[in-house]
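If you're matching them up, the sequences are chains A and B in order. When we follow this note's numbering, the leftmost residue of the first sequence carries the number 11, and every step to the right adds one. When we follow this note's numbering, the leftmost residue of the second sequence carries the number 18, and every step to the right adds one.
Calculated directly from the structure, the hints in this document are not laboratory data. It cannot be assumed that every hint is accurate.
Here are the in silico distance ranges between beta carbons for each label pair [to be verified]:
hint: 1; chain 1: A; residue 1: G111; chain 2: B; residue 2: I98; range: 45 to 51 Å
hint: 2; chain 1: A; residue 1: L659; chain 2: B; residue 2: K80; range: 43 to 49 Å
hint: 3; chain 1: B; residue 1: I98; chain 2: A; residue 2: G580; range: 26 to 32 Å
hint: 4; chain 1: A; residue 1: T596; chain 2: B; residue 2: G78; range: 51 to 57 Å
hint: 5; chain 1: A; residue 1: T1014; chain 2: B; residue 2: E82; range: 18 to 24 Å
hint: 6; chain 1: B; residue 1: K80; chain 2: A; residue 2: A614; range: 40 to 46 Å
hint: 7; chain 1: B; residue 1: E82; chain 2: A; residue 2: G639; range: 20 to 26 Å
hint: 8; chain 1: B; residue 1: K80; chain 2: A; residue 2: G639; range: 24 to 30 Å
hint: 9; chain 1: B; residue 1: E82; chain 2: A; residue 2: R720; range: 45 to 51 Å
hint: 10; chain 1: B; residue 1: G78; chain 2: A; residue 2: L975; range: 33 to 39 Å
hint: 11; chain 1: B; residue 1: E82; chain 2: A; residue 2: W626; range: 23 to 29 Å
Just so you know, even glycine gets a beta-carbon here, dropped at the ideal spot from N, CA and C.
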Amino acid sequence: MIAVLAAHGVAALLAPWLVSALGRRAFLLLALVPFGAAAWAATQTSGVTGGGTVEQVHSWVPTLGLDLAFRLDALSLLMALVAAGVGGLVLVYCSRYFGAGEAGLGRFAGVLVAFAGAMLGLVLADDLLLLYVFWELTTVLSFLLVGHAADRQGARRAAMDALMVTTFGGLAMLVGAVIVGQAAGTYRISEIVANPPGGTAVSVGVVLLLVGALSKSALVPFHFWLPGAMAAPTPVSAYLHAAAMVKAGVYLVARLAPAFADLAAWRIALLVLGCGTLLLGAARALRQHDLKLLLAYGTVSQLGLLMVLVGHGSRDVALAGIGLLLAHALYKSALFLVVGIVDRSTGTRDLRVLSGLGRARPRLAVIGGLAAASMAGVPLFAGFAAKETAFDALLHGDGVDVAVLVLIVVGVALTAAYAWRFWWGAFATKADVPDRRCAGGDLGFEAAPALLAAGGLVLGLAFSAIDPLVGRYADTVPSALPEKLHLAAWHGFGPALGLSLLALAGGAAIVLGQRRILAAARAAGDAALTGAVTTGAAATGVAVGGGGAGGPAVAAPRLRIPEARTVYVGLVRGTERVSVGAARATQSGSLPVYLMTILVVLCAAMITALILGRPWDVDVRLWDGPQQGAIALLIVAGAILTLRSRRRLKAVVLSGVVGYGVATLFALHGAPDLALTQFLVETLTLVVVVLVLRRLPTHFTGTVSGLGRRRVHLAVGIAVGTLMALLTLVVAGAREAVPVSELFAAASALAGGNNIVNVTLVDLRAWDTMGEIAVLVVAATGVTSLIFLRRRSRGAPRLSDPSSDSPVWAIPHAEALASPAAATPGSPLAVRQHPARGAGVARRAQGWLVAENTLAPERRSLLLEVVVRLIFHTILVLSVYLLWAGHDLAGGGFAGGIVAGLAFTVRYLAGGRYELGEAAPVGAGLLIGIGLVVTTGTALAGAVVGDAVLQGGSWYLDIPVLGTLKLYSSTLFDVGVYLVVVGVVLDVLRSFGSEIDRQVDEETHTPRPTVERAPASATAAPAAASAPTREERA
Amino acid sequence: MSVSAVLAVVVGVLVAGGVVLLLERSLTRVLLGAALLGNGINVMILAMGGAAGEAPIIGQGPKDEMADPIPQVMILTSIVITFAMTAFLLALAYRSWQLQGNDEVQDDVEDRLVANRRESEPEDTGADADLEAAQDAQAAVEETPSKADDAAIGREHA
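Here chain B stands alone, though its shape is the one from the complex:
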């Protein structure tokens, strides 16, 4: 099955442009990149789906000349979802501008924190558990009996 070279070139340019924009930090450019990328992939599906033809509507033309409807269905879904994503990215960009005065994607602070994390809990150096239990016991030994204890002992003696 032959493919239109022109469509392949369109795919290449749109995807390349989309990727370059996607790699930027400005959310507006990321959004435009996603749009370009979406268009590029849609054209790719279209090109792979076969040659141009009549609209896939029964009764409007000979069946053999009809374009393949399946890629069209997929692209239709993709168009609508791209719109939803664009709207969401826009909202993100706007919110980012509201909070920071720009729409740039900052480095993930959490990731940095993980990377810079030192060894956790320096006191947990594998001290013997017995030791601590013994210390607990020692602490218990050293504590003075409470008034309640005294009272109880007094009762018993009486």
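Just chain A, with the same shape it has in the complex:
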């Protein structure tokens, strides 16, 4: 079974390709898949009729108890034959229905085949949740099929309606499935039906399941989506809205009826809604002019009848229900396909303009006639046999059954009437209508409906052949009668036959009556017309009178129930209104307001936690030492001054003071690693921020918040701060358990390191560190992508670049300002001041001080260059030392990496971007990549060599002069971290340093923006121009 379903999936995926290769003939090829499925199902017939089942179970999500459980029994077999057989025929029909060059045909073919597969899966699934999966799959695929003509608003809306209604039902059904499944202790449908659970919860669950079934099968009050869905291409209507999808609800009811049909809610819901739908649909069908809509309302009506029959809960009625289900699938899909042919060959489906088609296309008329006869219940046809069985079974029932029977007979009479209306409308020659021109017949086009219509007659005659198979399912429903009924072409003379004939006669009477009503209406219209003419009324009055007479719908009595669709639209719009209102109330779009909301919630949460946590066990001491007090004072002062500062640079430096203060606090607290890292990071942050701030206005600009708003901000800030301080005091006192730190110390010793903090980072909690470096890399990537407008992968700027000829950080007109000699070309001073004007390659590694070649002379600082040149390598060695020593002493990959990054930073500061390129002639991405490879490689090696990812190990390494080195895998991990950090720092430096330099130079050297940079420059230029004015104002 799984193979059959998989075949559909593969075919669906191949379909677009096939259609583009073979055109619409591809449908013939694709039809082989459902035909194959039908053939496979047919081969199982004898076994299943004998009482056997085919089961296949694969575990899917064991934790949910969700299995790929499939089961083929009598009901599944019949449904599978219908779904696959009609599916195949519809695909064959599609090959003629669509134009050769129709747009979107490949996708359509794929979706249709996928739908056939989903439908098969639905009827074969033996797990409630799996059934739900297929159920929703058919919903989604039907959305795509109904909305095939996506450029038409009607099609889109119809598809949306169908999706909303059936998805709503589907969700209700999911809840029901979970309730029932939990109560039963299993989701396996066969087991639930064998041992149905009971109780109020189960009743609720079953009702929810019914909601799903009713919405799918378009019963009142969900019926409105089905006529709307007639916007779909006709083959889709024939398949989904006659044979397959709408039968899913009937199938579910039939599947669960043996277990739950005795529930009161079940009976009431199905009998009342089913009978109501039967009559409402049939009455509406009689008023339609569009043949397709007529059939759609007819389908609604028949689905109501089917629900009554299969949900009735007694064996013989269920037998009749399944028989009618088969008959309906055959005749209704045949009729839809006939309408498709009529539509294609005459260009209309309106029965008011169709005339003479029966003479022009006799073969088509016969096909339509056969199918309509089966629908009307003419003896010997399948529809007749099924309905008569139903009459027979209900005649033997109680009072309720007889009442239901009366309603059904009325419904069947109406059905016969609209069956005639259909055939008459499509094929009859009408006296007052000119013959409609019509294209010639096409046997290939008519083959599928012909087979289906003839199938109705064959099935009717040979019903007794499949009676054992249908009976195999019906026997699972309890029987009230001692003697079993059988499906057969002829049940003999009896009350049931009488009822059948009565229904037919009733149908004829309705047809004649409607004619008379029509005639009366026309007479009335004529009278109105004459009256209007004689009284000389306005022409508009004539039109209104004529229009009213033209439509028999006006004459027919209207039901005064609120339109289901109106209610539905009201619900949808109400929901939309509420959501827009909620968005309007909560989403102001202002970041401060959002943040404040979060913070206020945070305060409320903290207050709640503090109140619930009473009594507090607060044990406060003043300080850990007077140094702590002094540093705290510094921090507080720094924070307050940062807050008050109106200058960017001042604020940044003050916040740096806070950072250094906190680092000192760490040092005092006995956390050398933290102090070291914080000092380094703070320094790097300062440099980086200043690099960016040189481009921004010196003062904070823009809208200054009003005093009131600032007070609110201050109040929120003080509240959060106070609560945090309080929380600090309370939480420390609330500690109950013994700290786990003891264990970490022991584990650290085991891992071969003395620095517990570092060992924890690279060994015990290395997973966290991997996440952390991932964050670093992501942030660095974000920075580069924001700063490098074109591409980041450009290598570092090197001296060999042609553009390195232009001086870096040049002050415009500096040469002119300098001594007159400098301005004279060719003078020795000028040459010495600006040796950069030479061939780039030749200058490489020429001087010891590289800035000689790269910086604008007025920007050079000899002292800085010399010092940097002297200490650069020393700093690098220090960084490696920190990395290596980190295992036992303060240090580690992070600290080492940042120290190395600072070494490059000072090279950049001393010599500009080309100096940086020369100092680190590798791409930052390369370093980050190698670092990530090393860390993940170490982690994975632990899994390969040892038992788990990140498992550690150690090796002894004999180094000649130095002695033996014990190498831990965690050290290797730390090397990876080191490389990542160096790469990230380089990346940040190149973005905020080199790239911004380049952008500045580009702006000063090219007054008019180049085309490539147009968007950024165009906006940046006015900003740059306005920046000085702001500074002056300040």
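Dock chain B against chain A, hints included.
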């Protein structure tokens, strides 16, 4: 376990200052606010982790006097991530300045649009689906048969 009151005050001031800056519109101030807030929370973790002590390095002092290493590990991670965030916010501020000439966070236009949205698709007033189908049918009736149809009919008559 006793807590240093001084540290608690530092936490309070840093968090309060951080929050006030965070509520501003200038991205530079937001960035400084995030930095202050980060420092404040780090000190909070430190303060809650216990009293000051010796460095948590085995062999450098008596075990009992060692400071708790776990908060330190958490803070170390937090320091590095704060740096990453600072760098990213800086890039945002710079880009915002490049594009708009300032580094201010504007109100979210999308949110405003949602709030000002009127009822969607006024024509979707629940007109009966039948109506449209009927109109389609009517349109089909009124369309004149194409030349291809004529040719097909002609063939059949012949």
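Going through the hints against the structure:
1. Taking the beta carbon of each, G111/A and I98/B are about 58 Å apart, not inside 45 to 51 Å as hinted.
2. A beta carbon spacing of about 46 Å between L659/A and K80/B agrees with the range 43 to 49 Å that was offered as a hint.
3. Against the hinted window of 26 to 32 Å, the Cβ-Cβ separation of I98/B and G580/A comes to about 50 Å, which falls outside the hint.
4. For the hinted restraint 51 to 57 Å between T596/A and G78/B, the CB-CB distance of approximately 55 Å keeps it satisfied.
5. About 60 Å separates the C-beta atoms of T1014/A and E82/B, a value inconsistent with the hinted range of 18 to 24 Å.
6. For the pair K80/B and A614/A, the supplied restraint of 40 to 46 Å holds, since their beta-carbon distance comes to about 42 Å.
7. Checked against the given bound of 20 to 26 Å, the beta carbons of E82/B and G639/A, roughly 21 Å apart, stay inside it.
8. A C-beta distance of roughly 28 Å is found between K80/B and G639/A, which places it inside the suggested range of 24 to 30 Å.
9. Taking 45 to 51 Å as the suggested C-beta distance range, the pair E82/B and R720/A conforms, at roughly 46 Å.
10. Between G78/B and L975/A the CB atoms are about 27 Å apart, so this pair departs from the stated range of 33 to 39 Å.
11. At roughly 27 Å, the beta carbons of E82/B and W626/A sit within the given window of 23 to 29 Å.
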